[in-house]
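Just so you know, the sequences run in chain order A and B.
Quick note on the numbering used here: the first sequence kicks off at 1 and runs consecutively.
Quick note on the numbering used here: the second sequence kicks off at 1 and runs consecutively.
I should point out that these hints are in silico values taken from the structure, not numbers from a laboratory.
Beta carbons: idealized from backbone N, C-alpha and C, even for Gly.
A couple of the hints might just be wrong.
[As the list claims (entries may be wrong)] Residues from chain B that face chain A, not an exhaustive set, calculated with beta carbons under 8 Å: (1) T20; (2) R23; (3) A25; (4) T26; (5) Q139; (6) N194; (7) D198; (8) W231; (9) R238; (10) W239; (11) N242.
[Said to hold, decoys possible] Computed cross-link-like contacts, SDA-like style, restricted to lysine to any residue with a CA-CA straight-line distance of at most 25 Å: (12) B:K163 x A:L229; (13) A:K163 x A:A247; (14) A:K163 x B:G177.
2 protein chains.
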Amino acid sequence: MDLQQRIVSLQGEFLLFALTPPRLATTPEKAQEIADITFERLASLGVDGLILYDIDDEADRNPEERPFPFLPTMDPADYLERHLEAWPTPVVVYRATAKYTERDLREWVGSQDAARRMTVFVGAASRGKRVATTLRRAQQLRAEVNPDLLLGGVAIPERHTRKGDEHLRLVAKQEAGCAYFVSQVVYDGNGAKNLVSDYAYECRDRGLDPVPIVFTFSGCGSIKTLEFLRWLGVDVPRWIENDLRHADDPLDASLEHAEATALELMSFCRHLGVPFGINVESVSIRKAEIEASVHLAERLRSKLAR
Amino acid sequence: MDLQQRIVSLQGEFLLFALTPPRLATTPEKAQEIADITFERLASLGVDGLILYDIDDEADRNPEERPFPFLPTMDPADYLERHLEAWPTPVVVYRATAKYTERDLREWVGSQDAARRMTVFVGAASRGKRVATTLRRAQQLRAEVNPDLLLGGVAIPERHTRKGDEHLRLVAKQEAGCAYFVSQVVYDGNGAKNLVSDYAYECRDRGLDPVPIVFTFSGCGSIKTLEFLRWLGVDVPRWIENDLRHADDPLDASLEHAEATALELMSFCRHLGVPFGINVESVSIRKAEIEASVHLAERLRSKLAR
Chain A
1 MDLQQRIVSL QGEFLLFALT PPRLATTPEK AQEIADITFE RLASLGVDGL ILYDIDDEAD
61 RNPEERPFPF LPTMDPADYL ERHLEAWPTP VVVYRATAKY TERDLREWVG SQDAARRMTV
121 FVGAASRGKR VATTLRRAQQ LRAEVNPDLL LGGVAIPERH TRKGDEHLRL VAKQEAGCAY
181 FVSQVVYDGN GAKNLVSDYA YECRDRGLDP VPIVFTFSGC GSIKTLEFLR WLGVDVPRWI
241 ENDLRHADDP LDASLEHAEA TALELMSFCR HLGVPFGINV ESVSIRKAEI EASVHLAERL
301 RSKLAR
Chain B
1 MDLQQRIVSL QGEFLLFALT PPRLATTPEK AQEIADITFE RLASLGVDGL ILYDIDDEAD
61 RNPEERPFPF LPTMDPADYL ERHLEAWPTP VVVYRATAKY TERDLREWVG SQDAARRMTV
121 FVGAASRGKR VATTLRRAQQ LRAEVNPDLL LGGVAIPERH TRKGDEHLRL VAKQEAGCAY
181 FVSQVVYDGN GAKNLVSDYA YECRDRGLDP VPIVFTFSGC GSIKTLEFLR WLGVDVPRWI
241 ENDLRHADDP LDASLEHAEA TALELMSFCR HLGVPFGINV ESVSIRKAEI EASVHLAERL
301 RSKLAR
């Protein structure tokens with residue numbers, strides 16, 4: 001069963017792997033080299049799909065200094081077309097809708113082959129941002145221009161922890177055409193469980209079927225990476241932070257936490273009857289961290305009910 | 001090895017069972033009957049010790065309406081002396097120090113046999129309360145009058161979640177003579193892990209040995225009991241609340257959660273090298289809830305490394 005079927009039939013239990021496109025300044029030769037290495041590393045993994053992120057500055061969403069400098073990256077659609085065209089499974093291309101004009105977005109959406117491409121629309125990171133196309137307008141465009149293209153939305157447990165209404169946002173996005181959701185990196189399993197639980201019971205009350213929620217996991221090789229995750233708005237429980245700070249090998253310790261949290265969420269979702277997918281990303285370009293992410297994906301893949 | 005030895009040798013892995021004394025209006029005959037039933041129910045459990053709570057109104061700590069009316073209970077020391085004197089293991093008698101004059105407290109502390117009695121001092125629930133003896137003064141009295149009497153303090157993960165400094169309070173209490181800590185009922189395992197972790201690393205930084213932390217668990221037979229726990233300041237994660245609200249048998253579901261949380265904390269403490277005990281209490285006087293607590297205690301007892 002392919003990824004789209006697993007999503008529309010509400011089966012879940014699929015595995016994705018997420019990549020950040022190379023930096024904008026990368027030469028075409030170097031970009032192809034990176035793509036080739038990616039192919040090689042992921043070939044034996046048997047993922048159901050790939051995710052390509054659309055990186056935004058996001059400096060306006062957090063007044064504190066960014067722990068890593070922002071380096072613009074290639075447009076994920078361009079990177080895919082030019083360097084990853086031969087990739088054999090469906091690819092989920094993120095679109096930060098505020099960056100694109102309506103015309104550009106319409107054209108891109110219209111030209112996608114729904115059998116091989118999917119998308120996730122992400123709204124503006126903050127209210128102050130200049131917005132070329134709103135999330136809502138982008139959702140309408142997809143429904144008009146290419147309704148077969150499977151649309152996903154982002155699910156943010158941290159927002160649920162602060163405001164308690166993220167499950168209602170998910171339901172609204174579902175009504176606007178979203179067939180699945182993807183979380184940001186999850187370190188706080190408790191927060192994710194709160195969101196899944198509220199979403200499951202909200203769906204039950206409305207007579208809706210819950211759609212798959214894809215939970216994202218990742219290793220974290222250093223305290224600086226952890227600080228960057230925090231800057232991006234990821235809740236990292238104190239006990240996990242302490243563990244990473246005192247670990248001989250923080251990357252290894254973070255992978256153990258990621259695996260434990262993933263397994264807990266998987267069993268929780270099955271128990272509640274909410275379909276789910278697993279997404280593993282590498283937040284860094286360090287070789288050790290990328291390989292660690294591949295190992296994490298392998299371990300989690302073996303736990304999926306296929 | 002008896003309870004006191006397990007505590008002072010920092011071994012942990014012990015089981016306590018906590019009782020609330022009967023209402024103040026109970027006749028001596030009825031109180032004896034309750035005590036006899038308690039004996040009978042707990043006889044086969046093989047607990048290492050009993051806890052008797054000292055119930056305070058606490059209306060001043062929360063302006064919202066108390067879900068259950070406050071009914072004054074017998075003084076735990078009186079109840080013990082009059083009706084549970086034959087109990088074979090050590091008994092931990094709570095003392096809400098604000099309720100007692102210095103003279104009364106000094107006399108009570110001085111008359112306790114440290115081989116058979118222990119105590120936990122609890123400070124005033126709010127700053128506005130009239131205080132006959134402060135927690136600090138009570139700690140000094142114990143050190144002067146009966147330093148062999150093992151003193152415990154309360155550990156409140158919820159305060160750590162709000163303020164982030166509960167681990168420093170634990171260290172200060174330890175320096176004031178506390179040989180162990182007892183938590184209130186734990187539903188938020190994540191909050192408890194944050195506290196244990198910060199406490200463990202604080203001890204390591206100061207060259208202190210962490211002392212046993214006793215985690216308290218309990219069934220919760222109804223949403224009203226859950227609301228009462230919240231009123232008392234216990235954090236109950238949304239996903240657990242949802243589960244209890246939708247369970248055919250909330251008591252059963254709550255026991256499963258309590259067991260899962262206890263096992264998680266036990267393995268976390270062993271991993272971190274923090275000694276721990278388990279305390280099971282029954283927050284209600286309903287027969288089904290008391291029996292459920294006894295079953296929970298049995299199950300957890302079998303998981304302790306003895």
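Results for each hint:
1. T20: 29 Å, violated
2. R23: 37 Å, violated
3. A25: With Cβ-Cβ at 41 Å, over 8 Å, it is violated.
4. T26: 40 Å, violated
5. Q139: 28 Å, violated
6. N194: 4 Å, holds
7. D198: 6 Å, holds
8. W231: 19 Å, violated
9. R238: 4 Å, holds
10. W239: Since chain A brings a Cβ to about 4 Å from W239 of chain B, closer than 8 Å, the hint holds.
11. N242: Holds. Min distance 4 Å.
12. B:K163 x A:L229: 22 Å, holds
13. A:K163 x A:A247: Judged against 25 Å, a Cα distance of about 33 Å means the pair is violated.
14. A:K163 x B:G177: 41 Å, violated
Consistency with the previously given hints fails for numbers 1, 2, 3, 4, 5, 8, 13 and 14, ordered from lowest to highest.
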